[in-house]
Structure formats: structure tokens, C-alpha cells
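Colleague: Got chain U; can you put chain Y on it based on the hints?
Protein sequences appear in the order of chains U and Y. With the numbering used here, letter number 84 in the first sequence gets 84, and the count goes up by one each step, no holes. Add 1000 to a position in the second sequence, counting from 1, and you land on the number used in the numbering used here.
Worth flagging that the hints you see were computed from the coordinates, not collected in a lab.
For each label pair, taking beta carbons as the anchor points, the in silico distance ranges come out as: (1) U/Gln-28 / Y/Lys-1181: 41 to 49 Å; (2) Y/Glu-1082 / U/Asp-96: 25 to 33 Å; (3) U/Lys-35 / Y/Val-1146: 26 to 34 Å; (4) U/Gln-104 / Y/Glu-1152: 43 to 51 Å; (5) Y/Thr-1133 / U/Ala-46: 38 to 46 Å; (6) U/Lys-8 / Y/Gln-1171: 52 to 60 Å; (7) Y/Ile-1179 / U/Leu-18: 54 to 62 Å.
In the DSSO-like style, the derived pairs of lysine-lysine whose C-alpha atoms are separated by at most 27 Å in a straight line are: (8) U/Lys-36 / U/Lys-72; (9) U/Lys-35 / Y/Lys-1165; (10) U/Lys-102 / Y/Lys-1182; (11) Y/Lys-1072 / U/Lys-65; (12) Y/Lys-1182 / Y/Lys-1096; (13) Y/Lys-1165 / Y/Lys-1126; (14) U/Lys-43 / U/Lys-65; (15) U/Lys-65 / Y/Lys-1122; (16) Y/Lys-1126 / Y/Lys-1168; (17) U/Lys-72 / Y/Lys-1182; (18) U/Lys-102 / Y/Lys-1181; (19) Y/Lys-1096 / Y/Lys-1108; (20) Y/Lys-1072 / U/Lys-35; (21) Y/Lys-1022 / U/Lys-102; (22) U/Lys-72 / U/Lys-43; (23) U/Lys-36 / U/Lys-65; (24) U/Lys-72 / Y/Lys-1181; (25) Y/Lys-1122 / Y/Lys-1072; (26) Y/Lys-1072 / U/Lys-36; (27) Y/Lys-1122 / U/Lys-35; (28) Y/Lys-1072 / U/Lys-43; (29) Y/Lys-1022 / Y/Lys-1096; (30) Y/Lys-1022 / Y/Lys-1181.
If you're wondering where the values come from, they're calculated on a predicted model, not measured in any experiment. Ideal Cβ placement from N, Cα and C applies to all residues, glycine included.
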Amino acid sequence: MSLLKKNKLVFIFSVVALLAIGVGYGYQYIFMSPKKVVEITPKLTAGADEFNNLMDENLPSWIGKVVQITGKATQVTQDGILLNGSIYCQFENSQDIQSITKNQNIVIKGKLVGFDELLMETKLNQCIIIQ
Amino acid sequence: MTTNKILIVLCFLLSLQLQAQKYYTRSGSTQFEGSEKAFEPIAATNTSTTVILDTRNGNIVSQVFMAGFQFKNALMQEHFNENYMDSYQYPKATFKGNLDGFSMANLKTSTTFDLNGVLAIKGLEKNIQTSVTVRQQDNRMFISGVFFVSPEDFDITIPSIVRDKIAKQIQINIDYELIEKK
Chain U
1 MSLLKKNKLV FIFSVVALLA IGVGYGYQYI FMSPKKVVEI TPKLTAGADE FNNLMDENLP
61 SWIGKVVQIT GKATQVTQDG ILLNGSIYCQ FENSQDIQSI TKNQNIVIKG KLVGFDELLM
121 ETKLNQCIII Q
Chain Y
1001 MTTNKILIVL CFLLSLQLQA QKYYTRSGST QFEGSEKAFE PIAATNTSTT VILDTRNGNI
1061 VSQVFMAGFQ FKNALMQEHF NENYMDSYQY PKATFKGNLD GFSMANLKTS TTFDLNGVLA
1121 IKGLEKNIQT SVTVRQQDNR MFISGVFFVS PEDFDITIPS IVRDKIAKQI QINIDYELIE
1181 KK
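For reference, chain U alone in the conformation it holds in the complex (with noise of 0.2 Å):
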């Protein structure tokens, strides 16, 4: 066998091989499931009132973004919590909610969606509990 032909044969596998991995990737990237929050960076990491200051000025800019809150659980029912009376927090799982107690100091990451002007809340989903 000539140099060449197995060059060529090299080349040949070579190109399956890269498009096998290609597609494979491509398929991942195509099927991929939305990123939990755990596994996103939080944009922002804040107390409730700072937090509530910062959604005064640009809410709108906070959409679909995962932040970081330490407050106080005022009101706590069967599916979320409420932060300082004004931040409502729905949990990635909702068996999470029966180790917070009223009026305890939490820190919750969750994912923002946005302001809620029938109930004047602003709305975190999936939210999962760091201290």
C-alpha cells in the first residue's frame, strides 16, 4: 500500500470520526434540558431590601435571571414562601418548604420572572434553600 492511499485512509476515518463527535455535540446541544437553578452562577446576591430597591430602579433588566436573597420568611404556605412580605418564592421542590418556619432568617437562590401587580409581589421560581 502506498504512502498516499493510507494517508487517504487516515484522513477518510478521521472525518467520520470528527462528524460522529459533531453531531453528537449538535444532538446534546438540540435535546439539552433548561439549566437548573443550583447549577447557574446568581447574577446578583442581596438582602430582600436591597434586592427590592434594585427591582424599584430595573426590573425588567432582571428577567429569567438567578439571584441570591437572604430574608425574612414572613408568611410561609403550602406551595411558596413570602420574603419581607413583598417576594414571593415558589421551590424547585416544594418538600423544602416544611423545614422553613415563620420569621426565619433564609437565604434562597432562585430564578426571577417577574412582577406580580395583582398581589404587588415580585415572583422567584425553583428556588432551592442555601442556608
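Modeller: Same frame as chain U, but now just chain Y:
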């Protein structure tokens, strides 16, 4: 002084009146499904819908955040928010309507009411006529129903490359469990 007292008592009574007659939830489930022979189902669920029902007159208001829709697929979710719904510019959809002939009587069994109202998405309004079932159990009110909307009504343009994969009529399922507002 006396007028003030009367006013305070009146306000107090009024507030009692108001409190007892509202039901609400912050975590209602709104789901949509728009698949048409698609490679992957085009569907997402939002479990943070706010709904308030006034039981005196059957008025209902609700609000759903676009960013709260969870897809199985990250890319689809990104396209939904960035290309189709412009979620950063129009973060929410709202609905204001009325349950026709609503009354608290006979809600122990599922009762069907006509629901008429206005749905606003991306700043555009569209009348919705549908029927929903309402049931009351203990201090909870369950509302569920299905209706259809078409993307064109809300100026949602679908690129021709995926047009065949997205249904002309998007099915919206609502499933809300309301509690008495205290």
C-alpha cells in the same frame, strides 16, 4: 371624632366583606401545547400563575409570566422567550373575565360556567369565550378548562422553516386551585 369612629368601623366591616369573597392562588398551572407532528413536543408548563376570583360577581383576573414557562428543552425555551414572545419586552400575559352566572351555591359538585374575557399577550388583546369547570371543596376552589388561541392574533410570527411543526391553534390548559384570601 364620632364620624371618624364610624368611618373606621365601616372600613373594618367593608374589609371583612371584601376579604371573605376573594379566592386566589399564586401557583396555578397554565400549560400550552402546540405540537403538530413535531420531532419533539412543543409544550410548556407554568406553575406560577396568579389568579384572583371574586365570588360575589364571578369576576376573574389572572396573570402569567412568560419567563415562568418551563420547557423540556432549553433551546425551545430560549426561542420561546427571545424570538416568539419577546419576554423581556412583554414579560406577562393577563386575562380579565367573568364567569357567567357564577354563584357559590351548588359548587360541591363540578359545575360548568361560561367564561368570557379578554386575554392580553404582547400588548394585544383578544376576546376569549370558553367554558370552565369550577368545584369547591373545603376552603379551596378548583378551576379548570381548555381553550385555543392562534399565534397570529398576538402578532407572533413563526418562521416558515418551523411553520409545519407548530399547530395553527395552540391549546391552553388551565388548572387552578384557589384558596380563600385572608
